[in-house]
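K.L.:
So you can see what is in the structure, the chains are spelled out below.
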Amino acid sequence: MQTTQALVLRTSGTNCELETARALERGGAKVDVLSHRRLQDDLPRLTKYRVLVFAGGFSHGDDLAAGRVWGSDLRAIRRELDAFVADGGLILGVCNGFQVLMESGLFQPDRAPEERTLALYSNASNHYECRWVQLAVERSKCSWWTEGWKFPVPVAHAEGRFTCKDEATLEELRAAGQIVLTYQGANETLSYPENPNGSMGDVAGICDPSGRVVGLMPHPERNLDLFNRPDWTRFEGRQEGEGVRFYADLVAAAQG
Amino acid sequence: MAPVTISPAPPQAWRVEVFRRPTVDDPEGTHALAAAQALGLSSISDLRLGRGYLLPPEFDETQVLRTVRELLADPVLDVARITAPGEMPAREGAAFVLVARKPGVTDPVSQTLERALHTAGIAPVTEEDLLVTTFQAWEMQTRPAEEHLSQLSKRVLANVVIDAVSIDDETLYYGRPAEAEGHGVVDVPLLKLDEAALVQLSNDGLLSLDAAEMLTIQEHFADQGREPTSCELETLAQTWSEHCQHKTFRGLIEMDGEVIDNLLKSTIAKATYELDKPWCISVFHDNAGIVEFDHVDGETWDLSMKVETHNHPSAIDPYGGAGTGIGGVVRDILGVGMGAKPIANLDAFFVGPPDLAPDQVPRGSMHPSRILRGVVAGVRDYGNRMGIPTVAGGVWFHEGYTANPLVYAGTVGLMPRWAATKEVRPGDVIVTVGGRTGRDGIHGATFSSVELHEDSETQSAGAVQIGDPITEKKVLDGLLAARDARLFRGLTDCGAGGLSSAVGEMGAECGAEVDLDLVPLKYPGLSPEEIWISEAQERMVLSVPPEDLEACIKIFDAEGATATAIGHFTDTGRLVLRYGGVVHADINMNFLHEGNPRQTRKATWSAPDLPTPAVPVLDDPGATLLELLKRPTLANKEWIIRQFDHEVQGQRVIGPTSGVRNDGPSDGVVLHPVPGSKKGAAIGLGANARYGRLDPRAMAETCIDEALRNVVAAGGDPTHTSLLDNFSWGNCNKPDRLGSLVHAAKGCYASAMALGTPFISGKDSLNNEYRVGDETIAIPPTLLISALSIVPDVTKAVTMDLKKAGNILMLVGETKNQLGGSELHALLGMDGGEVPRPDLRTSPDLFACLHAAMQASLVRTCHDLSEGGLGVALAESAMAGDLGATIQLSYAKDLNRTSALFSESTTRFLVEVAPHQVAPFQEALGSHPVTQLGEVQAASRLQISDMNGDSLVDLSIDSIRDAFNGSFQG
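Heads up: the protein sequence lines correspond to chains P and V, in order. If you count by our numbering, then the first sequence holds residues 1 to 256, one letter each, in order. If you count by our numbering, then the second sequence holds residues 1 to 970, one letter each, in order.
Since the hints were made in silico from the structure, they are not lab data. Wrong hints could be hidden among the right ones.
[Unchecked claim] Chain P regions said to be covered by chain V (calculated; three or more residues, Cβ under 8 Å):
(1) 88-101
(2) 116-122
(3) 129-141
(4) 153-164
(5) 181-190
(6) 207-220
(7) 224-230
[To be verified] Using C-beta positions, here's what the derived DEER-type ranges look like:
(8) P:Arg78 x V:Ala357: 55 to 61 Å
(9) P:Thr189 x V:Val918: 44 to 50 Å
(10) P:Arg38 x V:Ala38: 44 to 50 Å
(11) P:Asp87 x V:Lys804: 31 to 37 Å
(12) P:Asp110 x V:Thr421: 36 to 42 Å
(13) P:Ala112 x V:Gln141: 46 to 52 Å
(14) V:Pro915 x P:Glu171: 52 to 58 Å
[Stated by the list, open to error] The calculated lysine to aspartate or glutamate pairs, modelled on EDC-like cross-linking and capped at a C-alpha distance of 20 Å, are:
(15) V:Lys804 x P:Glu188
(16) V:Lys796 x P:Glu240
(17) P:Lys165 x V:Asp517
(18) V:Lys637 x P:Glu240
(19) V:Lys803 x P:Glu236
Ideal placement from N, C-alpha and C gives every residue a C-beta, glycine not left out.
Extracted from the complex, chain P is given alone in its bound form (with noise of 0.2 Å):
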């Protein structure tokens, strides 16, 4: 079998490309990091890779809005980009990298990035934070990930707020199968911190209609090892951290 190939994408003010790299090559993919000038310079080396992700970061200090100009970037290699997808490909968004595929429009292809009717946005709390939530996974387009599972994950935006024009489009978007992963806490209403940001929904992570443009704002590719987590110190037998299975999962749809 050959070995799945991905690319991590990044621009100026992007910083988690190592890590994320780091955490394809764990879930099994060989990786190449490249800046998005790079690519737009050559880019029918698009073809060549199988997993494409928008790693974290402040892309163009997020200067206007979160992932605005790298999303406006996108709309000049926007047909590469569907065909990658058309092709089988999977493209991943994390943290800033989901708010840049949001900026994009990609999520929503029938409209124009401008008429969108999702975004994310300013934090309930009002800042920045960083902090370790619990994630589930839905029912969704994205059934490489076991419906039901839950681990933890750290967050860290400014900007991770998810939200619909209406209820409306929300439910549009469970019911279509883009709901993909969701905040967890004690009870079923969760509170804060629990839902870090006030997302629409516990909504952390969508995708497309087709399942294959997926974005989430926490960061599974800081949970790799079995000492990330702030409370691995109570555990004994674990070996890794469960940021592994989740890109490992990724990797090994890409290859089907």
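Position chain V against the provided structure of chain P, taking the given hints into account.
P.N.:
Below, chain V without anything else, positioned relative to chain P:
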């Protein structure tokens, strides 16, 4: 500086204001409203922010609409108001305030927008030809009282040092800053001046040079038979500043009949050289210290570390000062050896009491809460954007910091061994990389060397620096790529003194020639002096072999960072500056670096004359414990910690908090920086605001003990630990301030020698005084000690949260009646008494034994005892583990139960051990005092009784958590 060109109101530019829809939260509005209410501006009842942009008037309507729809406004969240050039906006509400950066002040957002307009194809011109500016439009639906509106503008919405404010007025600047007048050579006639006139010249020019230094300069130029140029005089002032030369530490000191020749070399550095550890790779001569980390797959990895102060800039502009403090220390790490990758930041803040009554704030100062919020936001926005985790830190509160806060920023770097050394060769090209040069930060180095006063804010406006972390991130990415391609030979950062210090320092041994008109500028019109001494941020200087120049420039260009050749290094021993081909400076390098007169200062110190207070008797020690947990220095700092990304780069072993709910304050933090290595790096801090006034030497020894306790408690090897020192003191021209500094430095030497922990780097800030009228107030003498320790096996790291009911709790170390300077005394308003001081005969071995016990996996939990003593440590560990404990104190006869609970004696740890490992643990600790305290309980109560069985403390964990969380929020 020449006057600024102001366009008439309203501006001749397209104006866009983007507001959140009424149904969507407006975080900035909410924050500003809360801050206004905290200041008592009761008539401010609503605020909303419009993010404002001025776009070129040449744009047609389609271009403006595309800009708004594609780049400025979110379709779900925002509404935009567009106003044509010269028109009045359809302003809503009853009052409004416009805030814009003053011309020439760095504005990263406008730069990003200019770039994005170009790349999106909206504006078909290059970004250099575009002019976009930004502003904030604050609107209120209810009109506040006029006085409140004015206070709101000045104290909440804007920092008048860098911002222009207009109330109910649509005037906005749209233009570039005006050009400086006269770029010719300016001679400064000083050969004929007497001493008084020389000092006057220095004061008027903000040169911070004293009489002896001015006389030396006069003599030097008299020998040359000419007057100095202003460029030369500025270069000398920057290079000879206290900030750059550390004249106090390197000078002569007379104290108690002894003459100390170079305090640094006779104490702190002396310990390092005498200890001569083979794992110290580079100490004291580069931008940061370098120590060995590990060998992995044929590569040897080193760690570098530096901690800086950024006190005075943070007093004037907390946000910008703290941010550029981080930016500066990160560049120190980028500039150590051939460059290291920054892997962690730390920060430590010392501010006035958060509950200070508004009328107690000295004139010209900000309220401590505003300063703290500002510095936290500054560190957050810079560190997070750089992608460097802010892992360690602390906040200390004391009245003495109200007018002169202290802001420390530190960075740890990772580098391969081959990159640990650098060189400069004559003929190498001088290359600047990174940010463009503007008027920001003129006179920062000399400003930081004088005391603050109530007019500092207005007089030193030019000294404020504005950071742009993304530019620095581009420099980081380009620099490491160029390093690995071996495209340069040496480098340093542009810090205090700007190019003058960086080029002067790199060329000190050979010589340098610079053409100042080649330096890339943010806007035209800077004078040669301004270019030379500007402290514009995010710049580095490289020495590049001529044959590698093209490749080097290309590699930076690929990251969007500009690299520019501005001159070359020579073998003439002279520093030559040209502008437009005309020589503006020609100075002997040796005079520049070695020519300043060494000064002799007098020092004396005597302990404050205070009676020794009796140990207080507490009616209800449990209630006292809760009161202590509420004190700001001890209370939960989560509101700060959670705003910093402590997880980026994925290296976490122990983070700033631990436990079941991740709310227990960790001692040291541990990182796992090299995949494939078993080893970790532990970082610990030690500092105290209260001990130093009573006993500076004990304070220094105690801070070192605390930093070491922190790393050892987490699993660090005490025999493989290095230290960094950062002294912030009052004006050391005053003998009593200098005397206490000497005592503290001697304590550093004694501790380092006893513990075998070399100092690898340090930095001092010695003019922390605040003048109001005739009075001068010094800060409490404050030493921040940072410890960097190797963790042999990260899987054996230990956290501070209690783990399992039935396990045994032990106290390691000896408790004495040492309440002097304690949090308990501060709570009870008491002064005097014995300050804790470690016993350097026993503490090194105690650390070693405890570490050995951890390596043998005998320790389940370890928490160091510091402020608040045993009582606070027990409460924190129980809370973090969501478990209870029953404790019986078996204190020695002469020890009061108050001391047993709250004394801050050093070298003590709370340790949890499994029942079957109690004996091996006691054996591992040898002859050191180990006291069995009690047992971990499943029931969530902390119960402490005295040796007679009488209850002292009986508290639920919930009440402990409430006290710890409740009192202190940003």
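K.L.:
State the violated hints by number, sorted upward, taking the hints as numbered earlier in the document.
P.N.:
Numbers 1, 5, 6, 11, 12, 13, 15, 17, 18 - these are the hints that the structure violates, sorted from lowest upward.
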